[in-house]
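**Q** What follows is the residue order along each chain.
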Amino acid sequence: MDVLEKLEVLGAAAKYDVSCASSGSKREKHFGIGSTFSAGICHSWTDDGRCISLLKILFTNECIFDCAYCINRKSNDIKRATFTPQEVAELTINFYKRNYIEGLFLSSAIKNSPDWTMEMLYKTIWLLRYKYQFNGYIHVKAIPYASLDLIRKTGFLADRMSVNIELPSEKSLRLLCPNKTKESILKPMEFITKVAEEEKNFVSAGQSTQMIIGATDDSDYKIINLSQHLYKKFKLKRVYYSAYTPVNHDPRILKVESPPLLREHRLYQADWLIRVYNFSADELFNGKDENLDLEVDPKVMWALRNLDKFPIEINKASYEELIRVPGIGIKSARRIIKNRVFHSLDFEDLKKMGVVLKRAKYFITCNGKTFERFLIDLEPEKIKQKLTDKNSLQRPQQLSFFDREVFTSVITGEI
Amino acid sequence: MYKIFLYDGTFEGFMCAAFHIISEGIDKDRAIIVSKNEYQPMFIDSVREVQNDFKTFLEMRKGIIEKADSSVFKKIYYAFLSDTKDKEGYILRYLFFVFEHGKKIKYLYSDDIVNAVEKMAKNVSREIGKYMGLMRFCETDKGFLYAKFEPKNDIIKPIAYFFKNRLNEFYWAIHDVKRNKVAIYDRKKVQFLTCDNLKLKVTHQDEMFQMLWKNYFKAVAIEERKNLKLQQQNMPKRYWKYLLEKN
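Same order as they appear, the protein sequences are chains F and X. The first sequence begins at 1 in UniProt numbering and counts up by one. The second sequence begins at 1 in UniProt numbering and counts up by one.
Source of the hints: derived by calculation from the structure; they are not laboratory data. Some hints could be false.
Stated by the list, open to error - Subject to a maximum C-alpha distance of 16 Å in a straight line, what follows is the list of computed EDC-like cross-link-like pairs (lysine to aspartate or glutamate):
1. F/352 x X/112
2. X/229 x F/381
3. X/87 x X/12
Modelling step: build the complete structure from the supplied sequences, incorporating the hints.
**A** Structure representation (structure tokens):
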């Protein structure tokens, strides 16, 4: 099989891996080809609208495991291919110097044994770093059950490492991945966290993970709660959520017609709230509903359940209070705080500063005044109706609203 | 009657013109800075040609950084690269503000001039950011990498300095086809030249990698999530002309 065909097979096989970030590396650079860029750079966007930053491929799609949701599982009759370390290194360098990519994202199915696979990943990255003196971004997977020694050696060459947690609960894992255990996933994760704390230049852009959404009956609360623990305990940089695309027909998997994209998006928003906005999972759900409201974003959902905390006075509220207002993000909150030093702010000022009032107006006052009279006395249900009504009025445009607001906010984190 | 200040079209030259206006206490509403190439003479104007003097430029830069900070200076530079009509007028008024308010200028969101300059700078910086990823180099028979683009704003300088750091081990040229400008890098320094036509041939090996990339690009899209609108939103059509995977 030639490289062209391998690249097609092993590129397609890696497309369900979500992460493509190339940001945050602090690895020291001395000489060689290329660089990393702290904000990350997108090099293209696929037909599904997702960014391509890294050459994302599997080393092999030949697998000894048989996970129910996975296209590459042993029992599937599909075309199989395996790269050599040399082939991956040359592809990476040649794509990089033409500015097609920011670096390499190397994952793999498990061929022969976990150690054999991990060894191949290590060899590939070693070639890139030492033979080709490649300085670009490298994200590599740690293979479950691989020896910690191999993972350690690999981590010193990579910018980011990740172990996929795959499913949000042990029960689901047992059901869909008979070959993987909770232990086999958490052990390498914990190990990477520990080494990263002790050593310099070890996965300097941090660790991430991803889980599949919608293939099992796990609730959003369970998912967000798990993420919260992963951020706290393992200091993960990101948890990625992947709406399950039905690739296998397996009775163990929940029936999915099409990937639950809106739910995936709401989870990303909730994830931002716990990671950046200091919300906790318990606070967000406060025992009421186990799942996020698909109609409004999670911050609106939370605010409507906690109307007693509003309205917030723009000219007095603390930064922490401001960022909890629906529609006010980190940037707007900072602008408000810096600007109100000069003079007290009214709604006109907010507009000029670029604060979007569409959602915020139901939750704030400026010098004691609300945006319109009687705005604040509304019942939560009425506010929700107003916020969602507008969308249904513009039915034909709903998709574009969905696209723009929904997907860019995943990237910028503004909610 | 307006006082017209002609400059050579460069950022340094513009700053020298602004320096004269500010230091001589000339009324900003009566002063106009115009590039020599664009000025159409009107006999009622008083016209003065300003020399591009690097020392004066450095003095202006120092003044801005001391009065505000280097991020404000960078904003001014980016705004100057914008293709906005009468960018000189906006930036001149912005400069007056800088010397009046100092750092505070960053938070004067309610002022129209400040807003306009912010917008110009943001537009430029966004385009630079996009081209950092969307520039496509090919390998030529002359042994160097070559990329062409047609940016809306005049961003070849910051782009070239970005790639100087990134592709530091290679010989390369970046060509702004719209403005006939080329940046050439010889593994030591970048030079900026003007040029009309470059006759180059792509190597056979490069054609192979182009094909590999195009195939890869197709292979990684998930059919069930197809969303061309979102793709175009992230990567507007004006970037497609020289984008391999979109041709």
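**Q** Evaluate each hint against the coordinates.
**A** Comparing the hints with the structure gives:
1. A threshold of 16 Å between alpha carbons decides the hint, and for residue 352 of chain F with residue 112 of chain X the separation of about 10 Å falls inside it, so the pair holds.
2. Annotation: proposed proximity of residue 229 of chain X to residue 381 of chain F is violated, straight-line Cα distance about 33 Å (limit 16 Å).
3. For a cut-off of 16 Å, the pair hint linking residue 87 of chain X to residue 12 of chain X stands: about 15 Å separates their Cα positions.
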